[in-house]
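Just so you know, the protein sequences line up as chains A and B, in that order.
Just so we're aligned, residue 1 is where the first sequence starts under our numbering, counting upward by one.
Just so we're aligned, residue 1 is where the second sequence starts under our numbering, counting upward by one.
Just to be clear, a hint being listed does not mean it is correct.
Claimed, not checked - Pairs of lysine to aspartate or glutamate residues, derived as DMTMM-like cross-links and limited to a Cα-Cα distance of at most 25 Å, are as follows: (1) Lys-215/B to Glu-8/A; (2) Lys-256/A to Glu-250/B; (3) Lys-171/A to Asp-82/B; (4) Lys-21/B to Asp-37/B; (5) Lys-29/B to Asp-61/B; (6) Lys-267/B to Asp-249/B; (7) Lys-208/B to Glu-12/A; (8) Lys-215/B to Glu-142/A; (9) Lys-171/A to Glu-71/B; (10) Lys-74/B to Asp-166/A; (11) Lys-171/A to Asp-33/B; (12) Lys-215/B to Glu-215/A; (13) Lys-208/B to Glu-142/A; (14) Lys-21/B to Glu-85/B; (15) Lys-208/B to Asp-216/A; (16) Lys-273/B to Glu-242/B; (17) Lys-273/B to Glu-203/B; (18) Lys-74/B to Glu-165/A; (19) Lys-254/A to Asp-249/B; (20) Lys-4/B to Glu-165/A; (21) Lys-78/A to Glu-189/A; (22) Lys-256/A to Glu-236/B; (23) Lys-171/A to Glu-22/B; (24) Lys-256/A to Glu-141/A; (25) Lys-21/B to Asp-96/B; (26) Lys-15/B to Asp-82/B; (27) Lys-92/B to Asp-166/A; (28) Lys-74/B to Asp-158/A; (29) Lys-78/A to Asp-194/A; (30) Lys-92/B to Glu-165/A; (31) Lys-215/B to Asp-199/A; (32) Lys-208/B to Glu-215/A; (33) Lys-254/A to Asp-216/A.
It should be emphasised that the hints constitute simulated quantities derived from the structure, not laboratory data.
Quick caveat: nothing in here was measured; it's all calculated off a predicted structure.
So the chains spell out like this:
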Amino acid sequence: MNVEQALEIVSETNPGMVRSHNEDSVGHEDSCGLAVLADGMGGYNAGEVASGITISVLTTEIRHRLQSASPVEYAGDKDEELGVALLRENVQKANSSIYQAAQSQPQYAGMGTTVVAGLFYDNRVAVAHVGDSRMYRLRGEEFVPVTRDHSLLQEQIDSGMISPEDARRSKNKNLVTRAVGVEAEVEAEVHVYDVQVGDIYLFCSDGLNDMVEDEDIGSTLQMLQANLPLAASQLVQLANDNGGRDNVSVILVKVKGEFAVPRGWLAKLLSWFKK
Amino acid sequence: MAAKLILSMDGVVLKEYALNKERMTIGRKPHNDIVIDNLAVSGEHAALVTILNDSFLEDLDSTNGVAVNGEQIKKHFLQNNDVIEIGKYRMKYLNDQQGQTTAADFEKTMVLRGPIGGSKPADKTGDATASFMKTQVNVVPSATQGATTGKFEAADAAKSPAGQEPGKEAAGKAPAAAPAAAPAGGTSPAAVQILTGPNTGKELELVKNLTTLGKPGLQVAVITRRPHGYFITHVEGVNFPEVNGEALDEHPHQLNDHDIIELAGVKMEFYFKA
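Excised from the complex, chain A in its bound form (with noise of 0.2 Å):
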């Protein structure tokens, strides 16, 4: 099976019941197997011109590389494979843009963006994330978050000052150490986990899980998986109808299928007839 026909992907962003507009993007590339979400800061329109930016760099660029080259393969001197590489190098290629973006026009200074982005390959799954966007899996009954939010909150929590039931109460939430598009480089917290056949992911920014419990979260994904785009707006609409003070935004991606890169010397030779 390949990518495209072993994952069911599905999108929801919403400007939630308090904001005027939605500063959160989500994009995703099923031909890749590609899933990207961001949620933007900044005054005026910044914030989605932040996060704009972020989705069209990393599904546009990395759809490109990916028609000619396999994610497995490791790229002249890297010593990491191609499919971690290019989340890691099209993370930093956006947050060039978005700097420059804002240093040239002044209604755009001090822009930025989160992101988590999840590109699928070889029955695994490569993360990277800056800032308090998440990746979550559902995995037969266990919902768990995946990656660790890049924020004031998270380090608190790691140095035992505070925990994480208290962590509920605090007042200070989203404030994020780490940010696409805020200073001259930035380095993208990257992963790859192997992914099972059933799996569900969920990518989401901050406006689901401060407004959602992650057991409600869990226990939504887990009766919804068969109808994966009803399982998203209901996200959309749990967080919404428990206030809604943020932008909301959702990415699943359901494992329904083996998706092993084919090896082998037929492999090679049909590769190399493709080129």
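Guided by the hints, dock chain B onto chain A, whose structure is given.
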């Protein structure tokens, strides 16, 4: 507006303190930020660590201890209206950030920048006190455009929200302290009762936000409980559920008292319990 403490004894207000420093100490000796000259109070009795909009209280191994809302504590994450008791003295903690912001400012994501040169990982294995002290945020007045290692440690995180004056940002644009995920409490209780088939007479109370009905793989519908009522939506299966004899489309359908739902060959009645 910074959070504050109101010191009182026997119901008489003595003094008000703004929590405008990262670390403030309470004690009998004169070098403390909050001096309580009473023999029941230790030389250095307790410390208050304030990080942006959150404040933490810690007992500095005092002789007579510290209580918050009547309970002895070693370390406590202060919440608005908490009452700290030290001997006969009471201190009320006020942090009413919510009233200071407009709805549009709620929960805006902001960037904390840093790090300052020579950052070292915070000691995560240290005892409670050590890690408590280490996690302090230095509020640096100028934007620190230092080396971006991308690895920020709380101990060294400098704060400079994009395009805003530091300090002002911290107080002025505080996110609301609203707890997430309040359940849809406004909805009156409801249930479905099965009218046909082997489970006739069985009642299913709709106590959760989502209740699924039917057989997985064959036909499933979900009833969602929302602030303004109950809605039924088709989830899976070739056939769509019927309400009062009419088949649904893929959109949610609001349920009214005594509606008859037909799903996978079973009839059931929806009704409000109140």
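Hints, verified against the model:
About 22 Å separates the Cα atoms of Lys-215/B and Glu-8/A, which keeps this hinted pair within 25 Å; it holds. A C-alpha spacing of about 22 Å is found between Lys-256/A and Glu-250/B, which places the hinted pair at or below 25 Å, so the restraint holds. Between the alpha carbons of Lys-171/A and Asp-82/B the distance comes to roughly 15 Å, so the proposed pair stays at or under 25 Å and holds. Among the hinted pairs, Lys-21/B with Asp-37/B is consistent with the structure: their alpha-carbon atoms are about 21 Å apart, no more than 25 Å.
For the given pair, Lys-29/B sits about 15 Å from Asp-61/B by alpha-carbon distance, which is consistent with the 25 Å threshold. In summary, the hint linking Lys-267/B to Asp-249/B is supported, as the alpha carbons are separated by about 18 Å, within the 25 Å threshold. Between the alpha carbons of Lys-208/B and Glu-12/A the distance comes to roughly 24 Å, so the proposed pair stays at or under 25 Å and holds. Our distance criterion of 25 Å between C-alpha atoms is met by Lys-215/B and Glu-142/A, whose separation comes to about 22 Å.
Restraint check for Lys-171/A and Glu-71/B: satisfied, since their Cα atoms lie roughly 23 Å apart, inside the 25 Å limit. At roughly 15 Å between alpha-carbon atoms, Lys-74/B and Asp-166/A fall within 25 Å of each other, so this suggested pair holds. A C-alpha spacing of about 24 Å is found between Lys-171/A and Asp-33/B, which places the hinted pair at or below 25 Å, so the restraint holds. Restraint check for Lys-215/B and Glu-215/A: the C-alpha separation of about 23 Å stays at or below 25 Å, so the hint holds.
At roughly 19 Å between alpha-carbon atoms, Lys-208/B and Glu-142/A fall within 25 Å of each other, so this suggested pair holds. At roughly 21 Å between alpha-carbon atoms, Lys-21/B and Glu-85/B fall within 25 Å of each other, so this suggested pair holds. Taking the CA atoms of Lys-208/B and Asp-216/A, the gap is near 10 Å; set against the 25 Å cutoff, the hint holds. With a C-alpha separation of about 22 Å, the suggested pairing of Lys-273/B with Glu-242/B holds against the 25 Å cut-off.
For the hint linking Lys-273/B to Glu-203/B, the alpha-carbon distance of about 11 Å falls within 25 Å, and the restraint holds. Distance check on the hinted pair: Lys-74/B and Glu-165/A sit about 17 Å apart at the alpha-carbon level, within 25 Å; holds. Straight-line distance between C-alpha atoms of Lys-254/A and Asp-249/B comes to about 24 Å, which keeps the hinted pair within the 25 Å bound. At roughly 24 Å between alpha-carbon atoms, Lys-4/B and Glu-165/A fall within 25 Å of each other, so this suggested pair holds.
Using a Cα cut-off of 25 Å, the hinted pair Lys-78/A and Glu-189/A holds, with the two alpha carbons roughly 17 Å apart. A distance of roughly 16 Å separates the Cα atoms of Lys-256/A and Glu-236/B; the hinted pair therefore holds under the 25 Å criterion. Distance hint between Lys-171/A and Glu-22/B is fulfilled; the C-alpha atoms sit about 16 Å from each other, no more than 25 Å. Taking the CA atoms of Lys-256/A and Glu-141/A, the gap is about 17 Å. The hint holds against a cut of 25 Å.
Among the hinted pairs, Lys-21/B with Asp-96/B is consistent with the structure: their alpha-carbon atoms are about 18 Å apart, no more than 25 Å. A C-alpha spacing of about 17 Å is found between Lys-15/B and Asp-82/B, which places the hinted pair at or below 25 Å, so the restraint holds. Restraint check: the Cα-Cα separation between Lys-92/B and Asp-166/A comes to about 20 Å, which is no more than 25 Å; the hinted pair holds. For the given pair, Lys-74/B sits about 20 Å from Asp-158/A by alpha-carbon distance, which is consistent with the 25 Å threshold.
Restraint check: the Cα-Cα separation between Lys-78/A and Asp-194/A comes to about 22 Å, which is no more than 25 Å; the hinted pair holds. Between Lys-92/B and Glu-165/A, the direct Cα distance comes to roughly 23 Å. Compliance with the 25 Å bound is thereby established for this hinted pair. A hinted pair counts as satisfied when its Cα atoms are at most 25 Å apart, and Lys-215/B with Asp-199/A qualifies at roughly 21 Å. Only pairs whose Cα atoms come within 25 Å are accepted, and Lys-208/B paired with Glu-215/A is accepted, the gap being roughly 12 Å.
Between Lys-254/A and Asp-216/A the alpha-carbon distance is near 19 Å, which keeps this suggested pair within the 25 Å criterion.
Of the numbered hints given earlier, the model fails none.
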